[in-house]
Amino acid sequence: MAFQILLNFILAFVWMFLKTSYSPASFFVGYFFGLLIIYMFRRFFTSRFYLLRVVAVVNLIYIFTRELILSNIAVLKVILKPKLDIKPGIFAYPTELKQDWEITVLANLITLTPGTLVVDVSPDNKILYVHAMDIDDAADSIKGIRETFEKSIMEVSR
Amino acid sequence: MTEMEIAKFFAGMFILIGAFLSLVTAFGLIRLPDVYTRNHAASKSATMGVMLLLLGTFLYFWLIEHHFNSRLLLGVAFIFLTSPVAGHLIARAAYNSGVKLSDRTVQDDLAEARKEMPAADQSK
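Sequences listed follow chains A and B, in order. Numbering of the first sequence is given in the numbering used here, commencing with residue 1 and proceeding in unit increments. Numbering of the second sequence is given in the numbering used here, commencing with residue 1 and proceeding in unit increments.
Calculated from the structure, these hints are not laboratory results. These figures come from a predicted structure and were not determined experimentally. Since no wrong hints were added, every one of them can be taken at face value.
Derived lysine to aspartate or glutamate pairs resembling EDC-like cross-links, with alpha carbons at most 20 angstroms apart:
no., chain 1, residue 1, chain 2, residue 2
1, A, Lys143, B, Asp108
2, A, Lys126, B, Asp108
3, A, Lys126, B, Asp109
4, A, Lys81, B, Asp34
5, A, Lys83, A, Asp136
6, A, Lys98, A, Glu147
7, B, Lys115, A, Asp124
8, A, Lys83, B, Asp103
9, A, Lys87, B, Asp108
One chain only, chain B, in its complex shape (with noise of 0.2 angstroms):
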């Protein structure tokens, strides 16, 4: 019984912490001065949440109702592998259709390297 409730707690624990750092993340979303730092939050804490439910989850069914649940193994694992891409993507689609950065922001190696060749970023 006791095994039970380790897995239990483990489970819910996992949980607990993903739905938190979702919460995180949307407050992020809400605080963060511009779409880059926005980006870092929603691209972020949120795979790591999502991955966590889906981990606890995994582990509650497969320890408690002994059922290998192959497939949110698999959601972790492509959550794992777009999401990154997915936040490359919004940035670069950001900065390449002009968005300014926040007023916060102390330096940008990439307007002057933009600077320099604008040749290269027109043929992007």
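Only chain A is shown next, with the shape it has when bound in the complex (with noise of 0.2 angstroms):
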């Protein structure tokens, strides 16, 4: 991936050289045209495509922003409701995540929605422990964030 976006800057400075024009609006018009270039020969390349891995970020981001205002509101009502009739309790979450750094993002993803809280990490790295505030049903939980936050994390580094 750093590769190939090493790769393009060069195509980019390569058309303000051959346009003998430096303006920054040139090295956008080059960069396009090695995008370009680059998607044509992306079956030469080892790794996959890198813009593909780039709309995969930007649609984590989305899902993230969405479960955060979304999960703030429930907290809120939580937190507001007269009569106090939460079920917390702390439970085992299996991920498929390999990666340090993926399991990482998926914490501090888990952590940053209101309702869950990532307590500990086994040993070996294959289950998350989580509290959650409000625990009707775990199994529920469970699959809304194996298909949110970790179907996406996977997406950017398949």
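From these two lone chains plus the hints, build me the complex, please.
Set out below in structure tokens:
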């Protein structure tokens, strides 16, 4: 991925030198044409076309912002309810992610969405212990995390 | 002139919502039963509250005073990075030093896992 971005920058600079105009505008035009060239030659690279990964990152940010706002409202309701009838608990969340940075990102995302908080990670990095504020159905929240966060993190690292 | 009004409205709205979230966080800190649930309120609604406050301030200075303050955006980014780590560490430290979960707690998978291999939590 880093190689493709570097190549794209080099192509943009080559374009600038060919046009002998050194303005930001011609840099972006060159970057765009470089992107087209890299896209056409994508099967000669060992990793996949890097723009797909950028799209996956943007998608992850969007999903995360949506979850953050929705679950903030949920916690707001719990706190402001006159009668406190929450059932907190710690559930085990078996993750499929392997690399350290993926697990770190997942743990941070889980912690930042209100209602769930990572307490501990098992020594073999397979299970996250998540404290939930209102554990109506642990299976439901596991499914929610798996379908939103874990899938989109996998999409980034694929 | 109307753009000014709209910009002012949005900046004010962000700041008011941020202040409201901070207030709710304070309520949560008092009302919730134990360390872990209080940590929920402190580490997240507060994050969102401070982020919205900073965003509102940023919008005000950018759109009305025409002053692009990149430090406010950096503040938002760093709060985003650091606050989940802080929440995670506080909860972990509380659990490891044996703070009890509240009586309402219905499920504790971590205690069972610790019971099965006590050597693991000694080494950590």
